[in-house]
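Student: Protein chains in written order, with the numbering used here: chain A, 1 to 194; chain B, 1 to 420.
Any given hint could be a false lead.
[Stated by the list, open to error] With a Cα cut of at most 25 Å, we get these calculated PhoX-like pairs of lysine-lysine: (1) B:277 x A:93; (2) B:122 x A:118; (3) B:226 x B:291; (4) B:291 x B:277; (5) A:93 x B:346; (6) A:93 x B:256; (7) A:78 x A:118; (8) B:200 x B:277; (9) B:133 x B:277; (10) B:291 x B:62.
Calculated directly from the structure, the hints in this document are not laboratory data.
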Amino acid sequence: MKRLLFLIVSGLIVLSCTPRTVTTPQPATMPSEKKATTEGMEKKQPIEKGTTEIGGEEVAKIETAEIQEPTAAELSAKEREEILKDIHFDFDKYNIRDQDKPILRKIADWLLSRKDVKLVIEGHCDERGTNEYNLGLGDKRATATKDYLVSLGVPENRLQTVSYGEERPLCTEHTESCWQQNRRAHFVVIEGGR
Amino acid sequence: MKRFIITITTLLVLFCLSTTSSARVYLDITSPGLRAIPIAVYDLLGSPAGKEIRNIIARDLKFSGVFLPVDKEAYIETPLPVFDPSNWTALGVELVVKGSVTKEGDEIVVVVYLFDVIEARKILQKKYRAKEKFLIPLSHTISNDIYLKITGKESMFKTKIAFIGEEKSQRTIYIMDWDGKRLMSTGINAPLIMSLHWSKDASRLLYSSVRGLQWGIYLADFRKKKETLIYRSTATNIAGDFLPDGNSFLFSSSRKGSPDLYIYHLNSKRIERITWKRGIEISPVISPDGKRIAFVSDHSGTPQIYIMGLDGRGLRRISFSSGYCTSPSWSPAGDSIAYSGMVGGKHQIFVVDLESGDYIQLTDQGNNEEPSFSPDGRFITFTSDREGYKRIYIMRANGEAQQPVSPKKMRAFGPKWSPK
Chain A
1 MKRLLFLIVS GLIVLSCTPR TVTTPQPATM PSEKKATTEG MEKKQPIEKG TTEIGGEEVA
61 KIETAEIQEP TAAELSAKER EEILKDIHFD FDKYNIRDQD KPILRKIADW LLSRKDVKLV
121 IEGHCDERGT NEYNLGLGDK RATATKDYLV SLGVPENRLQ TVSYGEERPL CTEHTESCWQ
181 QNRRAHFVVI EGGR
Chain B
1 MKRFIITITT LLVLFCLSTT SSARVYLDIT SPGLRAIPIA VYDLLGSPAG KEIRNIIARD
61 LKFSGVFLPV DKEAYIETPL PVFDPSNWTA LGVELVVKGS VTKEGDEIVV VVYLFDVIEA
121 RKILQKKYRA KEKFLIPLSH TISNDIYLKI TGKESMFKTK IAFIGEEKSQ RTIYIMDWDG
181 KRLMSTGINA PLIMSLHWSK DASRLLYSSV RGLQWGIYLA DFRKKKETLI YRSTATNIAG
241 DFLPDGNSFL FSSSRKGSPD LYIYHLNSKR IERITWKRGI EISPVISPDG KRIAFVSDHS
301 GTPQIYIMGL DGRGLRRISF SSGYCTSPSW SPAGDSIAYS GMVGGKHQIF VVDLESGDYI
361 QLTDQGNNEE PSFSPDGRFI TFTSDREGYK RIYIMRANGE AQQPVSPKKM RAFGPKWSPK
């Protein structure tokens, strides 16, 4: 299954220069479900055998298998790893660092190819600041990230932000390497994404 | 002429046997060379509860720093309400507290006398009645009456501290007596709760919470026993202080893109913007006279504390102790601000005098954050991680007598001293 999505993703990345609509035939075994749905699969509906057509010029023929209870937010680990990487910030700063710009470029390209996807950008801080100020800092980090993606052409209405300040650390040790991991913008798919 | 304002509730009924006629202030607690007054506090006669009440009174008076309870071993006078100053002058004791307690059904009735050794007379005589289960607040009320009689000012003995406790990634708003006793859960819980703010009459509490990916500002009304969502959006909305009228409050919101300061008017639901900056503007607190606000801004490049008029005039920076200053709390007298400033990578509590700009550092162990003044301005509650986890502490406003008050082992933060 992971392989599979990876194939889809690879296909999408190839095609990402020109945005494509993803159309997926509804499985014949589920006639009662909303057939009229245009993009993406219905939630919690197993994928049956079939082919997925991507755009008009290039067709990716893909073997499919059963997914147990897929949810919108369940991207494969591979896809997450490849695209939705955290970006990081310097202490008490909210500017996008040069080394993180390629990551945002990749995310923007993916979003442009996957119009069904909506993301929440979480802004996080390390524990060294104070809690309330860090909510403001996390807000600025999430917004700076969002603004950067919008500048790359991603429609604003597909990006939501939320600041968690220092309240949701990824790493709980009191070391610089841990703090660096915590000073991040983190991406979560809230809609679409399969 | 100072008058006692007596609140009669179903919980605690107080009535005077004889109201005191003198409004004399015996002691100026604002004087810098304040010496604690030696005071003898007897176990109240008549019931084992008398000893408990005595201990609470003695502890309150001692913590205030205004009184020095003298060891009971030294008392030579009878515990009966008779008084001979010559029994005390040799000991240097200046005040004597005696009294009795009797049970009437499920109530206790307490009579207290306060004698002044120097003036050689009784200066307070008062009777208290309450359900036995309210022995603690009744005792704090006695302490307050003694304090008020001597200093001419209300004490903080009857006040509370609200804070946020975290257990298994669930946060709960708790309220406890200022000394940590009578911890009570409000029943308000959520994975993320921040920034508590009392209304002036202490009947309502404003706070922020994330629910469904949105930061909302909520209002808990303890009289109506109700929680109401006041405002939320996909922006970061963080509650600030109530304005003195009680019908509006300050908050920080990124609703227009960047965290700026606003006033929310509860009756009209109108939102009024008060800052227009590109950086972070957060943590607004109101001056006691309601005319100025203090807040945190990073427009100098690092977070610092600023004050300005509610109309935006007279903006000036007031924190110069370090490169990272946040969490302002305005002193009730309006002349100073407590905040947390970073020193050597750790946060410490500072107090800055607004007129002179002089500041002092009050803490030096671990990280100390989120100061909040007691309503009498003589104490500060704050969060400290000096024991390895965040816990609520209190101290005198000069940094003395630092002590934890929230339960051991519970991760606790965000303390706010109740205004009454």
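Student: Hint by hint, which ones does this structure get wrong, listed from lowest number up?
Tutor: 2, 3, 8, 9 and 10
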